[in-house]
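For reference, the chains in residue letters:
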Amino acid sequence: MNGAMRWATLSFRLHRWEVAASVVGVLLLTAAMAWFAWQLQVIAADQLACERAASPSGCELIANRYLETSEWGSRLLYLSWGAPFGMGLLLGVPLVAREVESRTSAIAWTLSRSRLAWLASRVAFLGLVLVLLLAAIAVASEALATALLPTLDLDADFTWHGRRGCLVVARGLAALGIGLCLGAVIGRALPALLAAAFASALVFTAVSIWMDRWNETEARVTAFDFGPEGSSGLDGGLMLGSRVELPSGELVGWDEIVRISDQQMVDMDGAIYTSFDELTGEPDPSSLIGWDRMLVVPGSMYPTIVLRESGVVAGVAVLFGLLAARVVVRRRLG
Amino acid sequence: MRRALLLAWRLHKWSLVALVVASVGTSVVAVLTAARLDELLADCRAATVVVVGPCGVLAEMGIIDDPATTGRGFATITVLAVLPFAAGVVLGAPLLAKEFEHGTALLAWPLARSRLRWLAFSLVPLALLGVVALLAPAMAGELPIRAIYPGLEPGANFEGYGARGPLLVLRFVAVLVVAALVGTWVRGQLPALLLAGVLAGGIGLGLMQAERLWVEPVERAGSQMELDYGFSGQILTDQRYRSDDGEWLSEEEVQAIFSRVDIPLDELPEDVFFVIPRERYPDVVLRESLALVSGTALVAALLAFSVQRRRPA
Chain A
1 MNGAMRWATL SFRLHRWEVA ASVVGVLLLT AAMAWFAWQL QVIAADQLAC ERAASPSGCE
61 LIANRYLETS EWGSRLLYLS WGAPFGMGLL LGVPLVAREV ESRTSAIAWT LSRSRLAWLA
121 SRVAFLGLVL VLLLAAIAVA SEALATALLP TLDLDADFTW HGRRGCLVVA RGLAALGIGL
181 CLGAVIGRAL PALLAAAFAS ALVFTAVSIW MDRWNETEAR VTAFDFGPEG SSGLDGGLML
241 GSRVELPSGE LVGWDEIVRI SDQQMVDMDG AIYTSFDELT GEPDPSSLIG WDRMLVVPGS
301 MYPTIVLRES GVVAGVAVLF GLLAARVVVR RRLG
Chain B
335 MRRALLLAWR LHKWSLVALV VASVGTSVVA VLTAARLDEL LADCRAATVV VVGPCGVLAE
395 MGIIDDPATT GRGFATITVL AVLPFAAGVV LGAPLLAKEF EHGTALLAWP LARSRLRWLA
455 FSLVPLALLG VVALLAPAMA GELPIRAIYP GLEPGANFEG YGARGPLLVL RFVAVLVVAA
515 LVGTWVRGQL PALLLAGVLA GGIGLGLMQA ERLWVEPVER AGSQMELDYG FSGQILTDQR
575 YRSDDGEWLS EEEVQAIFSR VDIPLDELPE DVFFVIPRER YPDVVLRESL ALVSGTALVA
635 ALLAFSVQRR RPA
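Just so you know, the sequences run in chain order A and B.
Mapped onto my numbering, the consecutive letters of the first sequence carry residue numbers 1 to 334.
Mapped onto my numbering, the consecutive letters of the second sequence carry residue numbers 335 to 647.
Note that these hints are calculated values from the structure, not bench results.
All figures in this text were calculated on a predicted structure; none of them were measured in a lab.
Just to be clear, a hint being listed does not mean it is correct.
To be verified - Computed list of chain B residues with no C-beta within reach of chain A, every gap over 10 angstroms: (1) Pro484; (2) Gly489; (3) Arg574; (4) Ser577; (5) Gln589; (6) Ala625.
As the list claims (entries may be wrong) - Label-pair distances were calculated between CB atoms; the ranges are: (7) Pro150(A) x Leu570(B): 28 to 38 angstroms; (8) Ser623(B) x Val312(A): 29 to 39 angstroms; (9) Gly249(A) x Leu469(B): 46 to 56 angstroms; (10) Ser584(B) x Trp38(A): 51 to 61 angstroms; (11) Glu586(B) x Ser286(A): 54 to 64 angstroms; (12) Ala402(B) x Gly311(A): 26 to 36 angstroms; (13) Leu462(B) x Val312(A): 38 to 48 angstroms; (14) Trp38(A) x Leu341(B): 48 to 58 angstroms; (15) Met335(B) x Ala8(A): 23 to 33 angstroms; (16) Val252(A) x Arg574(B): 44 to 54 angstroms; (17) Leu333(A) x Leu341(B): 48 to 58 angstroms; (18) Ile209(A) x Asp572(B): 54 to 64 angstroms.
To be verified - Residues from chain A that face chain B, not an exhaustive set, calculated with beta carbons under 8 angstroms: (19) Pro94; (20) Gly236; (21) Leu240; (22) Pro303; (23) Val327.
Every residue, glycine too, gets a C-beta built ideally from N, C-alpha and C.
Isolated chain A (complex conformation):
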């Protein structure tokens, strides 16, 4: 017990600024999310009571208040998207870089049993802090999302994908790994932070493109079906792009259609024509070239896709962690 306390205290002292800043940021964010979730529930209850009352006057005011509160609440979900990247880099970069920069790595590495043991001990503390803090954000953002969209089953819905749930934690760990690795390679905190920010942008863009390609294997070709209240007809699905379905059943991009003809007309059913009667505006049925379609991963796949992406992102974290370990083992003292 004493050993664990000593380990935690020493690790905290070495990174107190980064840990304190992360804790304060997460406390503020989760408190704001909890407050908005609570407010939304209170306003929704008021609205329900108002609508059930004998004279439902003034219900619009409550509806407006709900709308304003939900707009502000949904903005907080942007922060829960950015938090894992910011926190992961902030905690990961200085871990090795600062030791090298302030020339304390020689003492620390010589005094410890092995460099790997030293690295594992430091990473374990910061990884634990990061996981706990990001788990708090993931839970709070899930609760806020539920309060924002109470009628939806968010366990089978891609709305705010990546801003809630376990993917938030996995992305944080990957950012920590990238920061750790570049900090070890460059050996100076500020340049490593800049390089890690660029590298993260590249790595996560590549992962996102690769995941889209993988998810396309699960996607279904769906007609645009605009619901009665302006919904997109996605039913909680993840839209991967729009395509044109040719009469042969082949799917092509809009670029292809523009090449076929410089004028297109789409009717309410999504059928695309290249000519129409100039007097009546009716499309010429013989000029039908295909149907406007979208590629959608169904909402029911949400848990599978999130787990899959979390697994890939966690793999990135492990890969960069191993690279960092290799750099630390091979780095010259001093």
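Position chain B against the provided structure of chain A, taking the given hints into account.
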């Protein structure tokens, strides 16, 4: 001056390289996106009939709407809007914080003829290099806006406000000085960077709110707005309803009117928008520029005072 520039480059080469990479990268994306949109515009102007696709809203909204390219254009503009703040923080916060963290202020300050001279010798070349690096994105930012809104003059269009032209450069200089000031208070580069980042975020949000306060908004009737590309390129500050006798209606009164199902169209109240019209864009830019220059001078004086008073260790 050449020696000062070389020294600034040597001391901050990582941050300057990062800034140049970001500046060149966003400028290239902005130019390529604008070129693609210009091609689409040429096709739209050649097309005989337009019902869907990128040309669909050109006539009504004055905008080319090709989802992928227009989206990339707006994303580039967003990056350009953030760039001066990020650059100011990354270059400014470590300027003094690094000297204190490494203990080199103990050596550098006594060696310089005066601390103010040392500060000027450190800050001015860095600001100059930063300004030069940001000139390309400041000019390139005009291109996607010109291409996305071909019906509007970029000099009379609030879209991309702050992400292009002189404001981008002036915002950078202001944030640079604020971040340098933070570096005198906080020991350590990363904490200074964090705190300066939070402050820069606050300044950015403040400027976003302030853009509607520099000049008086004017009234525009709803019907007039529809004829004039909607709200494209203007800043909407408020919307209110006016009765036939010219009285402004309260929110409750408006809701009472609209909750009636049988209301005749001619009894609907007048829909009035308050906007800062496009043609006031140069005035707003000029006023914010003057405010930024004054604010920067004030913070620079505070920075000089802090450096004079601070203990070097």
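Inset, instruction - Take the C-beta atom of Gly249(A) and the C-beta atom of Leu469(B), compute their distance, and say whether it sits inside 46 to 56 angstroms. - result: holds, 53 angstroms
Inset, instruction - Given the range 44 to 54 angstroms, decide if the beta-carbon distance of Val252(A) to Arg574(B) lies inside it. - result: holds, 49 angstroms
Legend entry - Outcome for the supplied range 38 to 48 angstroms, where the beta carbon pair is Leu462(B) and Val312(A): Cβ of Leu462(B) to Cβ of Val312(A): about 44 angstroms, so the range 38 to 48 angstroms holds.
Inset, instruction - Determine whether the Cβ-Cβ distance between Pro150(A) and Leu570(B) falls within the hinted range of 28 to 38 angstroms. - result: Since the Cβ atoms of Pro150(A) and Leu570(B) sit about 30 angstroms apart, the hinted range of 28 to 38 angstroms holds.
Inset, instruction - Run the C-beta distances from Ala625(B) to all of chain A and say if the shortest one exceeds 10 angstroms. - result: Per Cβ check, Ala625(B) is outside 10 angstroms of chain A; nearest 26 angstroms; holds.
Legend entry - Closest C-beta approach of Pro303(A) to chain B relative to 8 angstroms, hint status: Violated - the Cβ of Pro303(A) stays beyond 8 angstroms from chain B, reaching only about 28 angstroms at its closest.
Legend entry - Given hint Val327(A) near chain B, where the shortest CB pair must fall under 8 angstroms: Since the shortest Cβ distance to chain B is 18 angstroms, the answer is violated.
Legend entry - Distance restraint hint 23 to 33 angstroms, applied to the beta-carbon atoms of Met335(B) and Ala8(A): Because 52 angstroms falls outside the window, the suggested range is violated.
Legend entry - Beyond 10 angstroms from every chain A Cβ - status for Gln589(B): violated, 5 angstroms
Legend entry - Glu586(B) versus Ser286(A) beta-carbon gap, inside 54 to 64 angstroms or not: holds, 57 angstroms
Legend entry - Beyond 10 angstroms from every chain A Cβ - status for Pro484(B): Per Cβ check, Pro484(B) is outside 10 angstroms of chain A; nearest 18 angstroms; holds.
Inset, instruction - Grab the minimum C-beta distance from Leu240(A) to chain B and call the hint holds if it beats 8 angstroms, violated otherwise. - result: violated, 13 angstroms
Violated hints, listed in ascending order, are 5, 8, 10, 15, 17, 18, 20, 21, 22, 23; each of the other numbered hints is respected by the structure.
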